[in-house]
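Visitor: In case you want the letters, here they are:
There are 2 protein chains.
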Amino acid sequence: MGEFELIRRYFAAAASAQPAAGVALGIGDDCALLQVSAGEQLAVSTDTLVAGVHFPESCDPRLLGQRALAVAASDLAAMGAAPLAFTLALTLPTAEPAWLQGFAEGLDQMARQCGLALVGGDTTRGPLSLTLTVFGRLPAGQALTRGGAQVGDLLCVGGSLGDGAGALPLVLGQQTASAELAAALLARYWAPQPQFVLGQVLRGRATAALDISDGLLADCGHIAQASGVAVLVERERLPLSPALLALYGRDAALAQALSGGDDYRLVCCLPPAQLAEVQAAWPELTVIGRIAAGHGVQLLDANGQPLAMPVAGYQHFQP
Amino acid sequence: MGEFELIRRYFAAAASAQPAAGVALGIGDDCALLQVSAGEQLAVSTDTLVAGVHFPESCDPRLLGQRALAVAASDLAAMGAAPLAFTLALTLPTAEPAWLQGFAEGLDQMARQCGLALVGGDTTRGPLSLTLTVFGRLPAGQALTRGGAQVGDLLCVGGSLGDGAGALPLVLGQQTASAELAAALLARYWAPQPQFVLGQVLRGRATAALDISDGLLADCGHIAQASGVAVLVERERLPLSPALLALYGRDAALAQALSGGDDYRLVCCLPPAQLAEVQAAWPELTVIGRIAAGHGVQLLDANGQPLAMPVAGYQHFQP
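Protein sequences, first through last, are from chains A and B.
In terms of my numbering, the first sequence has 301 at position 301, counting the first letter as 1, and numbering is strictly consecutive.
In terms of my numbering, the second sequence has 41 at position 41, counting the first letter as 1, and numbering is strictly consecutive.
Hint data in this document are derived by calculation from the structure and do not stem from the laboratory.
Please read all numbers here as calculations on a predicted model, not as lab measurements.
By construction, the Cβ of each residue, glycine as well, lies at the ideal position given by its N, Cα and C atoms.
Keep in mind that a hint or two might mislead.
[To be verified] If you want a taste of the chain B side facing chain A, the calculated C-beta under 10 Å gives, among others: (1) Cys31; (2) Val36; (3) Val44; (4) Ala51; (5) Leu90; (6) Thr94; (7) Ala140; (8) Leu144; (9) Ala226.
Please take these sequences and the hints and turn them into a complete structure.
Guide: Written out as structure tokens, the structure reads:
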């Protein structure tokens, strides 16, 4: 038995601690078997993270495990799906026990938090990278796509924006901060919380939704294009965290909120009549604009006047 | 739009040519949506191929695309699943149009042949590697696992063995052969045919099944362990292709059939009463041994006498 077979067993042991509804067969055979109920669909999303491109090769493996699963799972939340399971394809140059233990613990922690069972995967030797494929369940026909936004809808976001981008200089060692501020921002970077509860509340209420991974303006552009509408973003309404404001000041914080990636908050389009009910279930939901006839994304000032758009270009990790 | 966004669109165009039953939503949103009927389960398997570990970095991208999907899909066939869909996570150092076109064409060819629709994935920059996650459909409770073999079952294989291992020296340029022999073996290496038809015929008939990826003896060991039985393999019954015999002679061909990896034939355990019906549907099915009380794998000679086991160690591609 090679060391990579041992790794498989290591993760299999972690997986067997999580018997999950909807998982008919987990790790260990040619395939895993997932069960969805009659009238349900299975939501599927795949994300790859490459060392040196999406995360620093030397980063804490526990944090990497948490973040990798959270980032992938956020796509399920954005579709309105309930969490079900995931597979992990892990490519490693060498099998170091301490690294693997940390990684598996971080992964397991996020898996429990999200309610996702590890059901399979592959471990191979090669340059460090991870591919996670995540699975969720949805009542057929109730998925939140990007394509249903209607003129008159409110544009809403599920929480503060810009924290992921604000954390990046700390991750890269380009910025220092007090322990308290650093902790607040780094938690948002390394362990973003997929907004599963919000996503499921939005089912049958929101006309469109996605999660912010490329930056608010870029992702609103996806809604505008898929729905054939204009998305108006009111800059002064963007929710900014106290930590982000304290570390960078309002102007820089706003820029990070508009163009920074890695937020993993849900953005949705809501008919005004739905707002109160959704906010009752998810108080952090904040109106940040509206949907109008037209196309593209337009940033507005406090008086509703158009503002020049910031230069595009979100910042994921780059070495 | 970056070049990697363009790649996504390139594959999305290929995917949209394959509208498939069971795919409610394909590429382009946060998730794909898969539909299975009431009473069905979804089979899921993930495989990673890394350049320099699983294939030569300089290999023909069209062949790589074919092989990557075939290898992954074989796990579905081994479970008895009907093909449904797959996702592709493609990591590339640079986006070269000629490489991408060849790869996408090879992938598309195997996808059509198998009946698998590309429903999503991710493209990232980094060292060349591929992770494919494949999806199939199964009537609930009818999956062919490794764990059900019964004493008295026949051990059967779905076609000739050893061709993948026999092709490897040709792939690596360590062996020459006539054009005809090379073509026969290389086809089995670069475009193995997932045995979907056989797998579905085996549902409700075989007690256990898997596909040979690690080598016949190693994979029979998985059945022995999961089922708590002994697997007896009769060496003289192993089906060997004319090309393999012509290039290597009988002794070396037998060694490749026993320990070589990359065959992707199904091995199954069949109650004797089921044999005729399965062979009627799949004439290549060959009895190569039987299941007995005990544990582990034992190789037998033509007289049923135990033979020394070949040294373990299958040969996947290694640079």
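Visitor: Would the hint on Thr94 (chain B) be counted as holding, given a Cβ-Cβ threshold of 10 Å to chain A?
Guide: violated, 13 Å
Visitor: Is the interface hint satisfied for Val36 (chain B)? The criterion is a beta-carbon contact with chain A at less than 10 Å.
Guide: holds, 6 Å
Visitor: Tell me if the interface restraint on Ala51 (chain B) is satisfied: Cβ within less than 10 Å of some Cβ in chain A.
Guide: holds, 8 Å
Visitor: Are Leu144 (chain B) and chain A close enough, Cβ to Cβ, to be under 10 Å, as the hint says?
Guide: Holds, about 8 Å.
Visitor: Minimum Cβ distance from Leu90 (chain B) to chain A below 10 Å?
Guide: holds, 8 Å
Visitor: Less than 10 Å between beta-carbons is the criterion; does Ala226 (chain B) satisfy it with respect to chain A?
Guide: At about 8 Å, which falls below the 10 Å cut-off, the nearest Cβ of chain A leaves the hint on Ala226 (chain B) intact, so it holds.
Visitor: Does the nearest C-beta of chain A fall within a distance shorter than 10 Å of the C-beta of Val44 (chain B)?
Guide: holds, 5 Å
Visitor: Taking the least C-beta to C-beta distance, is Cys31 (chain B) closer than 10 Å to chain A?
Guide: With Cβ-Cβ at 4 Å, under 10 Å, it holds.
Visitor: Let me know if the C-beta of Ala140 (chain B) comes in closer than 10 Å to any C-beta of chain A, holds or violated.
Guide: holds, 7 Å
Hint compliance for this structure: hint 6 is the single one not met.
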